[in-house]
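2 protein chains.
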Amino acid sequence: MPAKASTIGAARTAAVRRTRDEHAQETAQDYVELIAEFIAEAGEARATDLARRLGVTHVTVGRTIQRLQREGFVTAQPYRSIFLTAAGRRLAQESRRRHEIVVAFLRSLGISEAMAQSDAEGIEHHVSRETLQAFVKHLRKKTRN
Amino acid sequence: MPAKASTIGAARTAAVRRTRDEHAQETAQDYVELIAEFIAEAGEARATDLARRLGVTHVTVGRTIQRLQREGFVTAQPYRSIFLTAAGRRLAQESRRRHEIVVAFLRSLGISEAMAQSDAEGIEHHVSRETLQAFVKHLRKKTRN
DNA sequence: TTATAAATGTAGCAATAGCTACAAGTTGAT
DNA sequence: ATCAACTTGTAGCTATTGCTACATTTATAA
Numbered sequence: 140m141p142a143k144a145s146t147i148g149a150a151r152t153a154a155v156r157r158t159r160d161e162h163a164q165e166t167a168q169d170y171v172e173l174i175a176e177f178i179a180e181a182g183e184a185r186a187t188d189l190a191r192r193l194g195v196t197h198v199t200v201g202r203t204i205q206r207l208q209r210e211g212f213v214t215a216q217p218y219r220s221i222f223l224t225a226a227g228r229r230l231a232q233e234s235r236r237r238h239e240i241v242v243a244f245l246r247s248l249g250i251s252e253a254m255a256q257s258d259a260e261g262i263e264h265h266v267s268r269e270t271l272q273a274f275v276k277h278l279r280k281k282t283r284n
Numbered sequence: 140m141p142a143k144a145s146t147i148g149a150a151r152t153a154a155v156r157r158t159r160d161e162h163a164q165e166t167a168q169d170y171v172e173l174i175a176e177f178i179a180e181a182g183e184a185r186a187t188d189l190a191r192r193l194g195v196t197h198v199t200v201g202r203t204i205q206r207l208q209r210e211g212f213v214t215a216q217p218y219r220s221i222f223l224t225a226a227g228r229r230l231a232q233e234s235r236r237r238h239e240i241v242v243a244f245l246r247s248l249g250i251s252e253a254m255a256q257s258d259a260e261g262i263e264h265h266v267s268r269e270t271l272q273a274f275v276k277h278l279r280k281k282t283r284n
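Protein chains in written order, with my numbering: chain A, 140 to 284; chain B, 140 to 284.
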């Protein structure tokens with residue numbers, strides 16, 4: 140098989156081309172999801188708490204919040220806590236749903252809760268609609284029995 | 140519920156802290172895997188082919204190859220094609236095995252080949268040993284029937 | 001009220017990963 | 001041998017995401 144270049148790793152191209160934007164989008168999802176959790180459970184989302192949770196400095200959080208604000212997912216004022224916009228809440232909800240499906244799916248394979256949570260963090264951003272749907276179907280089948 | 144910060148998203152911390160190194164590692168895996176494919180199928184791995192396949196310019200490839208060389212995964216000389224070191228071959232093989240398991244697993248859920256390949260590209264880098272093991276077990280069960 | 005601690009902001013550095021534009025080397029055909 | 005096409009290298013720009021160090025604001029306690 141002489142192997143035309145065009146036959147090698149074709150499916151990979153598109154995925155990697157988008158690397159940068161994708162990564163920014165992943166970050167956005169992680170942030171809004173976490174902000175939503177903080178607001179729901181603690182009443183407010185503060186930069187320091189996000190930083191502690193994400194394992195980065197408050198500086199990194201501050202800059203990311205600026206970007207999210209620029210992109211319309213959050214609102215923020217100096218020295219005040221962070222709020223989600225309607226778009227931010229929507230994104231947070233989608234992300235959360237996706238996250239929960241992935242976790243439940245991994246749990247259904249016998250993965251421990253902690254590992255499922257940890258793996259889901261990485262995986263959830265790379266699951267297509269089709270695959271997520273397959274996860275749901277698999278879960279339904281399991282539940283039915 | 141006053142919601143201690145410490146109870147929110149704890150599993151996420153470690154995963155995100157490593158973001159940068161992780162991403163570099165993912166890139167390394169993608170590159171060595173692709174280089175191995177080119178060498179196996181076309182006899183040599185040239186920067187231009189990698190660039191075309193990855194959807195980036197040759198400049199980006201050139202710099203990444205420098206890094207991989209620095210990290211001991213490849214050898215390269217000016218205007219020559221790229222070779223894997225022993226470490227590079229090892230990494231490529233591991234990555235390929237992991238990739239194939241993820242693809243087979245997704246296929247077993249009824250995902251189309253193309254989508255399985257595409258999703259696997261993103262997912263394979265975020266699957267823990269435990270989860271990969273669960274995938275294998277699931278595949279064995281399916282096969283057995 | 002005032003001093004101190006905690007939180008947030010700002011300045012500026014590094015590495016990675018993109019890009020365009022241009023320079024230089026390699027290869028193949030005539 | 002030379003010219004043209006292709007490939008690779010270099011320079012220099014942007015953006016993201018880390019960091020430390022230091023400044024400022026807010027909140028709390030004495």
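Please note that a few of the clues may not be correct.
Claimed, not checked - These stretches of chain A come out as covered by chain B in the derived footprint (C-beta under 8 Å, 3 or more residues):
#1 236-250
#2 265-276
What the hints assert, rightly or not - Derived coverage of chain B by chain A (criterion: at least 3 residues anywhere in the stretch with Cβ under 8 Å from a Cβ of chain A; other residues may be distant):
#3 244-250
#4 265-277
No lab work stands behind these hints: they were computed from the structure.
Where a beta carbon is used, it is the ideal one built from N, C-alpha and C, also for glycine.
How the hints compare with the structure:
Look at the region 236-250 of chain A against chain B: 4 of its residues bring a Cβ nearer than 8 Å to a Cβ of that chain, three or more, so the hint holds. Counting residues of the region 265-276 of chain A whose beta carbon lies closer than 8 Å to any beta carbon of chain B gives 8, which reaches the threshold of three, so the coverage claim holds. With 4 residues carrying a beta carbon less than 8 Å from a beta carbon of chain A, the region 244-250 of chain B meets the three-residue requirement, and the given coverage holds. Check on the region 265-277 of chain B: 9 of its residues sit with their Cβ under 8 Å from a Cβ of chain A, so the three-residue criterion for coverage holds.
The structure agrees with every numbered hint stated previously.
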